[in-house]
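Trainee: This is what each chain is made of:
Number of protein chains: 4
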Amino acid sequence: MKTIQCVGILTSGGDAPGMNAAIRAITRAAVYKGLKVKGIYRGYKGLVTGEIKEFKSEDVSNIIQMGGTILKTARCKEFKTEEGRKQAYENIQKEGIDALIVIGGDGSLSGARIFAQEYNLPCIGLPGTIDNDLFGTDITIGYDTALNTILDAVDKIRDTASSHERLFFVEVMGRDAGFLALNGAIAAGAEAAIIPEFSTKDDQLEALISRGFRKSKTSSIVLVAESELTGGAMHLAERVKNEYPQYDVRVTILGHLQRGGSPSANDRILASRLGVAAIDALMEGYHNVMIGIENDEVVYVPFRKAIKNDKPIKEELVQVLAELSI
Amino acid sequence: MKTIQCVGILTSGGDAPGMNAAIRAITRAAVYKGLKVKGIYRGYKGLVTGEIKEFKSEDVSNIIQMGGTILKTARCKEFKTEEGRKQAYENIQKEGIDALIVIGGDGSLSGARIFAQEYNLPCIGLPGTIDNDLFGTDITIGYDTALNTILDAVDKIRDTASSHERLFFVEVMGRDAGFLALNGAIAAGAEAAIIPEFSTKDDQLEALISRGFRKSKTSSIVLVAESELTGGAMHLAERVKNEYPQYDVRVTILGHLQRGGSPSANDRILASRLGVAAIDALMEGYHNVMIGIENDEVVYVPFRKAIKNDKPIKEELVQVLAELSI
Amino acid sequence: MKTIQCVGILTSGGDAPGMNAAIRAITRAAVYKGLKVKGIYRGYKGLVTGEIKEFKSEDVSNIIQMGGTILKTARCKEFKTEEGRKQAYENIQKEGIDALIVIGGDGSLSGARIFAQEYNLPCIGLPGTIDNDLFGTDITIGYDTALNTILDAVDKIRDTASSHERLFFVEVMGRDAGFLALNGAIAAGAEAAIIPEFSTKDDQLEALISRGFRKSKTSSIVLVAESELTGGAMHLAERVKNEYPQYDVRVTILGHLQRGGSPSANDRILASRLGVAAIDALMEGYHNVMIGIENDEVVYVPFRKAIKNDKPIKEELVQVLAELSI
Amino acid sequence: MKTIQCVGILTSGGDAPGMNAAIRAITRAAVYKGLKVKGIYRGYKGLVTGEIKEFKSEDVSNIIQMGGTILKTARCKEFKTEEGRKQAYENIQKEGIDALIVIGGDGSLSGARIFAQEYNLPCIGLPGTIDNDLFGTDITIGYDTALNTILDAVDKIRDTASSHERLFFVEVMGRDAGFLALNGAIAAGAEAAIIPEFSTKDDQLEALISRGFRKSKTSSIVLVAESELTGGAMHLAERVKNEYPQYDVRVTILGHLQRGGSPSANDRILASRLGVAAIDALMEGYHNVMIGIENDEVVYVPFRKAIKNDKPIKEELVQVLAELSI
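Chains as they are written, first to last, in UniProt numbering: chain Z, 1 to 326; chain S, 1 to 326; chain A, 1 to 326; chain W, 1 to 326.
Just so you know, these hints were derived from the structure itself, not from any lab. Every residue gets a Cβ at the ideal spot worked out from N, C-alpha and C, and that includes glycine. Heads up, some of the hints might be wrong.
To be verified - Short, incomplete list of chain A residues facing chain S, as computed with Cβ under 7 Å: (1) 25; (2) 65; (3) 107; (4) 110; (5) 155; (6) 183; (7) 187; (8) 269; (9) 273; (10) 276; (11) 293; (12) 295; (13) 323; (14) 326.
Please take these sequences and the hints and turn them into a complete structure.
Mentor: Take a look at the structure:
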C-alpha cells in the first residue's frame with residue numbers, strides 16, 4: 001500500500017457533541033506527523049459533490065468547546081448507489097486523499113466499510129453517536145454530554161412541586177438502545193426507565209402502574225426512550241390519563257436538544273485520544289477499523305464487528321436503578 | 001389595626017425559581033425587624049389543614065440557590081369555598097399570624113384578595129410566576145430563570161446539523177402570555193415566535209410558511225407558546241408534515257423543566273428586594289397590595305389592579321425579532 | 001450631513017459577553033434598512049491598520065450565543081495620537097464608511113468622542129462592559145452574564161464543607177465600581193461585599209472582622225472587588241491569617257473567566273435592542289450619543305454625559321445585603 | 001463474625017461532588033436489604049462526639065443532585081489519638097452499628113484502616129476525592145465533576161480577547177496528582193499543564209517559555225496544579241512578568257469552587273454503583289476493602305493497596321496534549 005500523505009475527514013449521521021474535538025485532534029495529529037488534511041463537508045454528500053477544503057492547524061482552533069460539527073452532516077442517498085460512490089472516489093483521487101476518517105454511528109461506518117471494500121481505500125472509523133450503541137468501544141463520542149444534558153433537564157423537573165400522584169414522562173433519545181434512558185434514570189434519581197431492550201413499552205408501563213410507581217408520597221419521574229417517531233411519551237401519557245385519571249401526568253420531550261451543547265470533559269478527552277490514535281493507526285498501516293476505547297485503552301475494532309454486534313445493557317445497572325428508586 | 005408581630009408565608013400556584021430566595025428574604029427581614037415568621041406548607045392547603053411551622057433565620061440558610069419552593073405548592077379546592085377559608089382563618093388565629101404574605105401568580109393573589117376582604121387580614125402579594133403576566137411589575141420572580149432555561153435549550157438545538165429545510169418547533173410555557181416565547185426567540189436568535197397575543201396559532205403558522213420561514217439556507221427554529229394542553233407544537237408539526245412534506249420537522253416540548261433550576265442572579269436579587277420590601281410595607285401599614293418593581297424601584301400595586309389588567313407585549317420587541325431574523 | 005449608506009462597527013476595551021449579539025443586531029438591522037456594514041477588527045487598531053471587512057447578514061449567523069467578540073479587541077496606542085487618528089480617518093474614507101458604531105466601555109467611548117469631534121464623523125456608542133459603570137444606562141452589555149458567572153462560582157463554594165470559622169474570599173472584577181461584588185453578594189447569599197465605593201478595603205475588612213463576620217455557625221463568604229492589581233484578595237487573606245489565626249481562610253480569584261461565557265438572555269436581548277436602536281438613531285440623524293436603556297426604554301445619552309458621570313450604588317441594595325446576611 | 005444489621009456512614013476529608021449520591025445509594029441499598037442505617041455527622045468527629053442519627057429512605061430523597069455532603073465533613077484531631085478512637089468505638093457500640101462505611105480520600109481510608117484493625121470492626125471505604133489519586137480504582141467520586149468545572153472556567157477564559165502574547169495561568173487543585181491539570185488541559189484545549197509528577201514547577205515554566213509557549217498568534221492558557229499553598233500560580237506569573245515583560249500575564253485561582261457543584265452524570269452513576277456494591281460487599285462478608293471500579297467492573301481493593309500505591313499519569317495523555325497544542 002502506498003504511503004499515506006493526505007487524510008480526508010468527514011462527519012456523518014446525527015451530530016454528537018465532541019465531533020469538533022475529534023476533527024481538531026485528527027487535524028492536529030496529522031499536521032504534527034507531517035500529513036495533509038482535507039475536510040469534507042456534509043458527510044458523504046460532500047464527497048460526492050466535491051465540497052472539500054484543506055485544513056490547517058489554525059482551522060481547528062477554538063472549536064474543541066463547540067457542539068455540532070464544523071464539517072456539518074447530511075443524509076446522502078447518492079452515496080448509497082454505486083454511481084454515487086464512483087463519483088465520490090473520483091473526488092478522492094482528484095483531491096489526492098489517501099485515506100478517509102469517518103466520524104459517526106452505525107450507518108456511517110457501514111458506508112465507510114462498503115466504500116473501503118469497493119475502492120481499496122484505507123478507512124478509519126471513529127464512534128460518534130450520543131446513543132452509545134456501537135459494539136467494541138466502552139463509550140462513544142457524544143454519549144456523556146447527552147447524558148448530562150438529560151440529567152440537567154430531569155434535575156429541573158424534580159425541583160417543581162412535589163405533590164402526590166404527579167407523574168412526569170421525559171422522552172429521551174435511543175430508539176434502539178436504552179443507555180441514555182437507563183443511565184439517565186440512575187443519575188437523575190428517577191423512578192424508572194422504559195427502554196427498548198425489555199418488553200414493549202406498553203407492557204413496561206403496565207408493570208410500573210401495577211406497582212404503583214412508587215410507594216413514597218412525592219411525584220414520580222419516568223424516562224422513556226423514544227419510539228420510531230418522536231412523541232411516543234405523549235401516547236403513554238394519554239393511556240395513563242384515560243385509565244388512571246387520579247394521576248396528574250406531564251410530558252417533556254427533549255428531542256434534538258440532546259444532540260447539542262458544549263461537549264463534556266469526557267467527550268473531549270475521548271475524542272482527542274481517538275483522533276490522535278486514528279492517525280497513529282493509519283501510519284502503522286491499519287485500515288477498515290473503528291478506533292474504540294476498552295478498559296481505558298485504545299483498541300482497533302474491525303468494521304464488521306463494530307457494526308454487526310449489539311452492545312448489551314449491564315444487568316448490574318438495572319439492579320442499581322431498582323434498588324435506589326424504592 | 002393591631003401591630004404586626006407574626007407573619008405567615010406561603011407559596012401558591014406553579015413553582016417559579018426564586019420562590020426560595022423570596023422565602024429567605026421575607027424570613028430574614030422579618031427576624032431582623034423583630035417579627036416572628038411562620039411557614040405555611042402546600043399553599044392555601046396548609047392554611048386549611050394547619051400544616052404550619054415556625055421559621056427561624058437558619059431555617060432559610062442555604063436555600064437561595066435552590067429551584068422549587070421549600071414550602072411546596074399545591075392546588076386547594078377547599079380554599080375556594082367559604083367553609084375552607086373559615087377553617088384557614090381559624091388556623092391563622094390559632095397560630096397567632098397577624099399578616100399573610102403570598103408568593104404566586106394571578107390566581108394566588110386573587111385568593112389572597114378575597115381572603116383579606118372576608119377576614120380583614122393584612123395580606124401582601126409577591127409576584128411569583130415564570131410567565132411574567134402580572135400587571136404592575138416590570139418583571140416577576142422566576143421569569144428570568146425560565147427565559148435562560150429556554151435559551152439554553154434552543155442554543156443546543158441550534159448546534160445540530162444545519163441542513164436545508166429543517167424546521168424545529170420548541171414548545172415553551174405561556175398559555176396566555178407570549179413573553180417567554182417572544183423574548184426567548186429574540187435571545188436565542190430563533191426565526192419566529194407563535195404567541196397567544198396575535199392571531200390563532202394556525203394563522204401564525206400559515207404566515208410563517210407563506211414567507212418560506214427564512215430565506216437563508218440553514219434550519220429554522222420557531223418558539224411556540226403552549227396551548228390549553230401541552231403538545232400543541234406536535235399538532236403544528238403534523239400540519240406542516242402533511243401539507244409541506246419537503247420540510248423535515250422536529251419537535252421539542254420543554255414542559256415543566258422550565259419551572260425548575262437554580263434561580264438566576266436577577267431572580268434572586270428581585271426576590272430579595274421584594275421580600276425585604278414586603279416586611280417594610282407591612283410595618284408601614286400597607287396591606288392588600290402586591291409588591292412589584294417598576295423602573296428599578298419598589299412599588300405597591302393594589303391587588304385589583306395587578307389581577308385585572310393585562311400586561312402588554314412591547315411592540316418594539318416584535319420589531320426587533322422581525323429585523324434580526326432576516 | 002450626507003445620507004448614511006455604510007456603517008463601520010468595532011468592539012473595544014475588555015470583552016463583554018453579548019458583544020457578538022450586538023454586532024449581529026447592528027449588522028442585520030443595517031442590512032434590513034438597506035445599509036452596507038463593515039466590520040473593523042481589533043478595535044481602534046484595525047481602524048488604524050485598515051483591518052476591515054464587509055459584513056453580510058450571514059456573517060453574523062450563529063454568533064448570538066458566543067462569548068467574546070468575533071471582531072476581537074486590542075489596545076491601541078496609535079489611536080491616542082493625532083497621527084494615528086488621521087490614519088484611521090483615511091481608512092474610514094477609503095472604505096467609504098459614513099458612520100461608526102463603537103461597542104465598549106468608558107475609554108472606548110472617549111476615543112469615539114474625540115474622533116467624532118476631530119473629523120466630524122457620526123459616531124454612536126453602545127455600552128459594552130461587565131462592570132456596569134456607564135452613566136445614562138440602567139445596565140451595560142455583559143453585566144448580567146458576569147453576575148451569573150460569579151453566582152455560579154459562589155454557589156459551588158457554598159456547597160463545600162460548612163465548618164466553623166472558615167472564611168472564603170472571592171475576588172471579582174470591578175476596580176472602580178462595586179456593582180458585581182455587591183449584587184453578586186446579594187444574589188449568592190454571601191455575607192458581605194468589599195467594594196471601592198466605601199472606605200478602604202482594609203477598613204472594610206476590619207469592620208467585618210470586628211462584627212465576627214457572622215453570628216451563625218457556618219462558613220462565611222466575602223466578595224471582594226479587585227484592586228489595581230489582580231490578587232488583592234490574597235493580601236486580605238494574609239492579613240486575616242496573621243492577625244486571626246483561628247480563621248481558616250481560602251481564596252478564589254475569578255479573573256478573566258468573568259469576561260467570557262455564553263451571554264445570558266438579558267444580555268442578548270439588551271444587545272439586540274441597542275443594536276437595532278443604533279441603526280435607527282443614525283437614520284434619524286443622531287450622532288455622538290451612547291444608546292442606553294432607562295426604565296426599559298431606549299434612550300440616547302450624549303457621550304460627555306455617559307463618560308463624565310459616575311453611576312451610584314443604590315442604597316437600598318446595601319441595606320438588602322445587610323438584612324439578609326444576618 | 002456476627003451478622004450485620006446496622007451500618008454507619010460518614011464522609012471525611014475534602015468534599016467531593018457525588019458524596020450525597022453515595023450516601024443515598026448506601027442508605028437505600030441497605031434499607032432494600034433490610035438493614036438499618038445511621039448517618040454520622042462531620043466525619044470522624046461525629047463518631048467521637050456521638051453526632052449520629054438514623055437514616056430512612058426518605059432522608060436521602062432529593063439529595064442525589066446536590067454538591068457537598070449532607071453529613072458534612074470536618075478535620076478531627078481526636079480520632080488520631082487512641083483515646084479518641086476509643087470514644088468513637090464506644091459510640092459505635094452504643095448506637096448498635098455493626099459496620100462502618102467511610103467515603104473519602106487517602107487520609108480518610110487510612111483512618112478507617114487503623115480503626116478497623118484496633119477494634120475488629122468491618123469497614124468499607126468508598127473513594128471520594130476530586131483529585132482522583134487513589135490506587136485501585138480507575139476513577140474517584142467527584143473527579144469528573146471537578147474536571148468539568150475546570151473546563152467550564154477555561155472555556156470562559158478562552159472566549160476573551162485573543163491578542164498576541166497574552167498568557168493565562170489557571171490554578172487548579174491537585175497538590176500531589178496532576179490528573180485535573182493534565183486532563184483539564186487536554187479537554188480545554190489549553191497549551192500546557194504544569195503538574196507535580198514532572199520536574200519542579202519553575203523548571204516546567206522555563207521549558208514552556210523557552211519553546212515560546214506556542215507558535216500561533218492567539219493567547220496561551222496554562223493549567224497549573226496548586227502547590228503546598230494556594231496562590232502558587234501567582235508566583236509563576238510574577239516570574240514571567242519580571243523576566244519577560246512582553247507577556248501580558250493574567251491569573252485565575254479556582255480554589256474551592258472545584259469542590260462544589262451538582263455532580264455530573266458520571267459521578268452520580270459511579271457513586272450509585274459503589275454505594276450498592278458496598279452493601280453487597282458487607283453482606284458477603286468482605287471488610288477492610290475500598291470499593292473501586294476497574295474496567296467498568298466493581299472491584300474490592302484491600303485498604304493497604306489503595307493507600308500505599310501511587311496512581312500513575314498515563315503517558316499517552318501527555319503525548320495527546322503535546323500533539324494537540326501545536
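Trainee: Against each hint, give a clear statement of whether it holds in the structure.
Mentor: Status of the hints after comparison with the structure:
no., hint, result
1, 25, "6 Å, holds"
2, 65, "5 Å, holds"
3, 107, "26 Å, violated"
4, 110, "26 Å, violated"
5, 155, "5 Å, holds"
6, 183, "6 Å, holds"
7, 187, "4 Å, holds"
8, 269, "5 Å, holds"
9, 273, "6 Å, holds"
10, 276, "5 Å, holds"
11, 293, "11 Å, violated"
12, 295, "4 Å, holds"
13, 323, "5 Å, holds"
14, 326, "6 Å, holds"
Hint compliance for this structure: hints 3, 4 and 11 are not met, and every other hint is.
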